[in-house]
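Could you put the whole structure together from the sequences, leaning on the hints where they help?
There are 2 protein chains.
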Amino acid sequence: MMDRKKDVRRLNIKTDCIDMTHGAGGLASVQLIEAVFAKHFTNEWLDVGHDGALLPPIQKPVAVSCDAHVVSPLFFPGGDIGRLAVAGTVNDVAMCGAKPLYITASFILEEGFPLADLDRIVASMAETAREAGVAIVTGDTKVVEKGLADGVYVVTSGIGEALTSHPIDGRQARAGDAVLISGSMGDHGMAILSCRENMTFGTTIQSDAAPLADMVAAVLAAAPDTRVLRDPTRGGLAATLNEIANQSQVGIVLDEEAIPVKTEVAAACEFLGLDPLFVANEGKVIVICPAEQAQAALQTMRSHPKGKDAAIVGTVTADGAGVVEMKTLMGGRRMVDWLNSEQLPRIC
Amino acid sequence: MMDRKKDVRRLNIKTDCIDMTHGAGGLASVQLIEAVFAKHFTNEWLDVGHDGALLPPIQKPVAVSCDAHVVSPLFFPGGDIGRLAVAGTVNDVAMCGAKPLYITASFILEEGFPLADLDRIVASMAETAREAGVAIVTGDTKVVEKGLADGVYVVTSGIGEALTSHPIDGRQARAGDAVLISGSMGDHGMAILSCRENMTFGTTIQSDAAPLADMVAAVLAAAPDTRVLRDPTRGGLAATLNEIANQSQVGIVLDEEAIPVKTEVAAACEFLGLDPLFVANEGKVIVICPAEQAQAALQTMRSHPKGKDAAIVGTVTADGAGVVEMKTLMGGRRMVDWLNSEQLPRIC
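Heads up: the protein sequence lines correspond to chains R and X, in order.
So for the first sequence, this note's numbering puts the first residue at 4; every next one is plus one.
So for the second sequence, this note's numbering puts the first residue at 4; every next one is plus one.
Source of the hints: derived by calculation from the structure; they are not laboratory data.
Just so it is clear, CB atoms sit at the ideal spot from N, CA and C, and this is done for glycine as well.
Straight-line C-alpha distance at most 16 Å; calculated EDC-like pairs for lysine to aspartate or glutamate:
| hint | chain 1 | residue 1 | chain 2 | residue 2 |
| --- | --- | --- | --- | --- |
| 1 | X | Lys149 | X | Glu114 |
| 2 | X | Lys149 | R | Glu148 |
| 3 | R | Lys330 | R | Glu259 |
| 4 | R | Lys63 | X | Glu164 |
Below, a sample of chain X positions facing chain R; criterion: calculated Cβ distance under 10 Å:
| hint | residue |
| --- | --- |
| 5 | Val33 |
| 6 | Ser68 |
| 7 | Val96 |
| 8 | Glu246 |
| 9 | Pro348 |
Partial list, derived from the structure: chain R residues whose beta carbon lies under 7 Å from chain X:
| hint | residue |
| --- | --- |
| 10 | Gly29 |
| 11 | Asp54 |
| 12 | Gly55 |
| 13 | Lys63 |
| 14 | Ala66 |
| 15 | Cys69 |
| 16 | Ala242 |
Structure follows, in C-alpha cells:
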C-alpha cells in the first residue's frame, strides 16, 4: 500500500523495541500498525485505515463499556494483559444483558518495550476476540518515554446490543431472588499475586480470564427474568454484592459452604491473609434471578465449560437493606463489609 | 447512596492526592468516583452506576473511534488533556461523516497525582462534552505506582451515527476534487512545544483544541458529496494528506500561498526548524469535496467561529498517485513527503 516504505528499515518483530517515533503519527507509526496490529486484527472495518470505523446500525438498545488495564505482570498463568483486556470488556458489555459486537483498543507503550512482547499481546487479543465473537474495529497507539509506563497499558471499549427488553443492572435485585455464581472465587487475583510473589502451592494457580458472552446469552434464554448480571472483578464477590445491595436497597445473605473456592486458591489466600471473597475474578459471573428460574440458570451454566462449578450461593432479602451477610461454616453469621483499603493493586 | 461511607474519611479535593486504594475497586474507588467523576459527568446513563451503559438504538450506521492521550504538559495555553481527549474523540467520529453522541473515558492515574488537578481535567472534559453535544456515559479508573505514569493518561472512545449514506473516508478522493482546510496549521503542536520550551514569540500561542462536530455537520449539509473528512492531528497536514493520497491512489497538489499559518506559529516553527505542515492540529478539519461544492463548503466553514480562516488549499490530481506536492511561494514545486522520524513526541 505504501510506496516509499522501501526507504525505511523494516521492523524486526523479534529484536526491535518501541521507540518514540512509533507514537509520532508518521511513517514509523504506520509501520508499527501494519507489522503488528493490522496483521492480527484484520477485519473489514479496521482495514479501511481511517481514524474511526463505520459499523452497521444497531437496532436494539446499545450497551457500552470501557476499561483501562494496567495489570502487573503483563504475562501470567492463564492469560496476559491482552486476553484480560478483551475478556474484561466483552464481559462488561455482557453484564448489561447484551451481546458484545465490537471492541476498540488503545495502547500506551513505554519506550524500549520489546516488539516481540507487544506482538504476543496483540495476538492474544485477536484470539480472545475470536473466542468471544467480537471484532476489534479501531485502535490507537501512543508512546511515552522510558519509565513513564510499565511496558504497556491496554485500554479497551466495548459495544453490544441488548438481548432483553427489561433493564439488567444493579438496581433490579428483589427480595426472594436467588444469587448464583458461575464458578470458583479468587482465581485471577491469586494467579497474579502468586506470580508476583513467586509462590507455588503444589500447583500453579491459573487466572480464569475469559470472555463469558455466550454463557451469559444462554443464561438469559434459560432465565429470562434475570435481574442482575455482574462480573466480580476488582474487590471480588464481596465488593460487587455490596454495590448491588446498596443500589437495589436489599439485603443479601450468602451461604459460605456453597461458595466454590479452589484448594490452592484457599491455601494462597490463607498464607497471605486474604479473603477469597475480596479477590478479583476475570471469568466469572454473578447472576441474580427470581428463585423459580434459579435451577434453569444453574443447569445452563453447569452445562457450559466456563460454568461447570456454578452454584446457588445466596438469597436476596427485604431486611438489612444495603447489607451483605454470610452464614458461616461454623453456623454463625458475619457481615461481609466493603473493602475499606487497598487489597491488590494492579490486578487488572 | 452509600450507608457506611461515614466510617471513612471524606476526600478533600483541594489537598488530597491519588493513592493506590483509589484504583482497587473498593470503597476508596467509589468515593473518588462520587467526589470527582459523578459530580461533573452526571447524566441518565452514568447515574445507573453499572460497569457499562445501556443506550438507545442507533438506527443509522454507527461510527466508532478511540484515542489514548498522553500529552505533556497536562495543562497548556488553550486547553488541557481533558479538552484534548473529548475534542479529539468527538472529531474522529465526526471525520467518519457522523454526528458524535457518546463518549467513554478511562483514566490511568499516577499515585500522588493531586485531586485538584484531576478535578480540573474532569471539569474541562464535562465542559467540552457539553460544547460538543455528547454525553460521557461510562468510565473506568486505574492507579499505577508513582513513576509509572506522568500524572494522568486519558483514554476516550466515541460513538456516533452517520450523517450521510455514502462512505466518507481516505479512499474516496478523486481527481478534480478540491482540498480545503478549516483554518491555520500548527497551532496545537506549537502551543505545546512553546509551553515545554518556555518560549514566547510576542504572544502566547494557543492550542486550537476544539470539538468540530457541528461545523462538520454544516459542511456535509452544504457540500453533500464530500468525499473525505480528516483532522490533521499527529504528523500534521502533510502526513494526513499523504495517507489520503495513498489510500485513494491520487496525487494532491497544494498551493503554499493559500495555507494559513499564524505569524507567531510560523516564527516558532522557524526558530525550532520545524515545518508547520508537519505540526499537529486539534481543532481543524481537512475537507475534500467535488470542485463544484468547494465554495459552499468554504462559505459554511467561514461563517462558523471555528472555521473563519478556512481556505481552499489544493487540488486532487490523477497523476502522481500517492504523492503530495506543493506549489511554493517561489513558484517552484516540492514534494511534501511522509514524516520519516519523530518530530514531536507526546503532542496529544
